[in-house]
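Asks: Those sequence lines, one after another, are chains P and E. The opening position of the first sequence corresponds to residue 330 in this note's numbering, with each subsequent residue numbered one higher. The opening position of the second sequence corresponds to residue 330 in this note's numbering, with each subsequent residue numbered one higher.
Please note that the accuracy of each hint is not assured.
Note: identical chains are not told apart, hence a pair may lie in one copy or across any two.
[Claimed, not checked] Listed next, the in silico DSS-like pairs over lysine-lysine satisfying Cα-Cα at most 30 angstroms (straight line): (1) Lys607 x Lys589; (2) Lys721 x Lys622; (3) Lys715 x Lys537; (4) Lys356 x Lys435; (5) Lys554 x Lys331.
Rather than coming from a laboratory, the hints here were simulated on the basis of the structure. Quick caveat, the model's predicted, so the values are computed rather than measured.
Number of protein chains: 2
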Amino acid sequence: MKACGLIVEYNPFHYGHVHHIQAAKEKSGANIIIAVMSGSFLQRGEPAIIDKFHRTRAALNSGVDIVLELPYPFALQSSELFAKGAVDTLAQIGVDSICFGSEMGKANPFIQAAYKLQTTKETFDDVIRTYLDQGYSFPQASNKAYDEIGIHHLDMTKPNNILGLSYTKTMMQDDYSHIEPLTIPRIHNEYHQEKIQHSIASATSIRKELHTNGLTEKALSTLPKQSVDQLQHYKKTANIWHQWELYFPFLHYKVMTMEKQQLASIFSVDEGLENRIKQTASTATSFADWLEKIKTKRYTQTRLQRMFVHILTNTSKEEMYQQIHTDSVPYLRLLGMSKQGRAYINKYKKHISIPIITNLKKDQIHEMMLDERATHIYYTILYPEKRIILRKQEFTGPIFSSDYP
Amino acid sequence: MKACGLIVEYNPFHYGHVHHIQAAKEKSGANIIIAVMSGSFLQRGEPAIIDKFHRTRAALNSGVDIVLELPYPFALQSSELFAKGAVDTLAQIGVDSICFGSEMGKANPFIQAAYKLQTTKETFDDVIRTYLDQGYSFPQASNKAYDEIGIHHLDMTKPNNILGLSYTKTMMQDDYSHIEPLTIPRIHNEYHQEKIQHSIASATSIRKELHTNGLTEKALSTLPKQSVDQLQHYKKTANIWHQWELYFPFLHYKVMTMEKQQLASIFSVDEGLENRIKQTASTATSFADWLEKIKTKRYTQTRLQRMFVHILTNTSKEEMYQQIHTDSVPYLRLLGMSKQGRAYINKYKKHISIPIITNLKKDQIHEMMLDERATHIYYTILYPEKRIILRKQEFTGPIFSSDYP
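The whole structure should be built from the sequences, with the hints applied where relevant.
Replies: Spelled out as structure tokens, the structure:
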């Protein structure tokens, strides 16, 4: 059995993801596709539009064999730690390759760039610091730094490429050097033009369409049936699709309960940001308004959104440091699998040195505290009866692809 | 100028309160009536039905000359500390007497009982402990203890009498012995039968009527115009009248963000209550349901409601101990005054040794941190635009009785 890993969020699952699964199978020659997926909150600092269980079902019904949850401490991070958590999770379950989307779809420029960064790390960091001191934003400064150390063949303004390079850098470390980095080209609009919307930007536009107008023709044209089924089923069960604005009253309340020094103990509330948060809290009338009031050139919107998620989930620096400063992810949370996926795990599990958690059991809650808390808080905006029903999924997993829908 | 103090909550202000003000004037011969009033959250562990500013207006328009806010650390306490904070606040502003309602309306039984308790304190505490160990609830155990030390002339099952005795005990301390305890009888239904509802039980029934059916004939028959005006004005401004159930989603969210040891750092989360709170949180569908699930013989509903307020406002043991273990209240928060009240303060203020705070200023926020936080959180259930409007009142006080309504 040969396994290929994908690093995904499926927010929501769309035709681009169907293509990714098929192309990864072809490119890797693998017969098992394993996805590591962010859980309740995503890398850009947002709640997932539907819960991790429903996104898992859409994936299993579309050809993924195993879905693992990327633990919270790695999911809500900039590309380096996000990549470390994702690659390590896939390494623990034993993938032979990892296949990611990129602009050009060629692995070589990533491998070369990763190598170059390794050998010029100090220069690179110095250059970034210099540009930051000159008042450039972090994305601007790092683009200039890439250019100066001679990385010209990768467009480092593209989020796909930034993530891809982080994956490749991680895979070049000794522990992961047996994993082959594969990449497929970002599907352009020419390709399957009628049906496929795919980039991060268009996932954003799909969500916007769903939140504003619902499952319109336009939205449906971007979503395979197995995703539409899950979106509908979730809406029926929970009454809503999730978005930041629904959490705003809770976030605002949370900040109101905290004194500045408590705020400063939250992960990523650094460099006096607690003062800006407090100053802007009283007059903020929505989440978007608050972001607008708090932002400066120094912090990207994504950076601030992630920070707000950590405040919302009450995640302290101490809790995060304990988990991210370890050699490997603490456990594998198995959200779902196909028959083939189950056969793979049964065969491979003797080689897995960390716990495999298939559902929440009382004695494991401590172990996976941050994920459990995040999921609890993810459901907090629902009516109590709905929240209680959906939370039960934590205890009854994993999902089998035959449990359709 | 002679001043008489009242200890009040005005939740809401009703005909019984009108009578209290008039009777206190007559009984004390004072020409200045000073009320110390709980702020956003009340002694029984509930949010006030309308905010402290609107309740202040109702009081000023009904003959009260000065309204002071009882600081949060004393307002949300059982009778001993509640009495200490209230009596000390009134002592700081220089009242000659304090007039409270009681069942019989005679001061002597209170004075005798207070004296008896002072001389038999150890026996009394021993007796209570014995009954608690035998499985009696705290109210049951203390009733039995009152009986055993020979307090027969006060019905200590009545909340009015429990509070009255605590006030009297406090006034017998050296610092306050210049203040005369006065009491007026609880108005029975025979008296002004048509118009007056008055006991704690009937304030409860007025709130119930207001929340369930609004300003009906029945509700109006218990409320003077100056109270109705404020209730209507508040509803127009805020859209709602406050009650615990509206805070339930926030309380639940708060508990979900906290690990057990953090919960245990909250004031009054003692004796392993953090475990019961966590155990019952997942399945609680409303505030009433949660209370029902968490209660034991050991804890009264009031005790648990106060605890939930402290969780909601994130008030730690450390913060509370700092404030309640001092010799006096830290400041006088002046919510409102009449012309006469202003003249009194101008005359008397040179004798006042603690700060008089008339509104929130940036440099005073730290000083009155717990009150400010509680008020912020009190408004948290409103739409942002409403919340911002109402919060402005914190900065524009004090209210003058001519600012009607």
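Asks: Each hint should be assessed against the structure and marked as holding or not.
Replies: Quick rundown of the hints versus the structure:
1. Taking CA atoms no more than 30 angstroms apart as the test, Lys607 paired with Lys589 passes in both settings, with 7 angstroms inside one copy and 26 angstroms between copies.
2. Taking the shortest Cα distances, Lys721 and Lys622 sit within 30 angstroms of each other only across copies (19 angstroms), while inside one copy they are farther apart (38 angstroms).
3. Proximity of Lys715 and Lys537 under a CA criterion of 30 angstroms is satisfied in both settings, with 24 angstroms inside one chain copy and 28 angstroms between copies.
4. For the identical chains of this complex, Lys356 and Lys435 are intra-copy neighbours only, at 12 angstroms inside a copy versus 93 angstroms across copies, given an alpha-carbon limit of 30 angstroms.
5. Proximity of Lys554 to Lys331 under the C-alpha cut-off of 30 angstroms is restricted to the intra-copy arrangement: shortest distance 28 angstroms within a copy versus 81 angstroms between copies.
Checked against the numbered hints given earlier, this structure breaks none of them.
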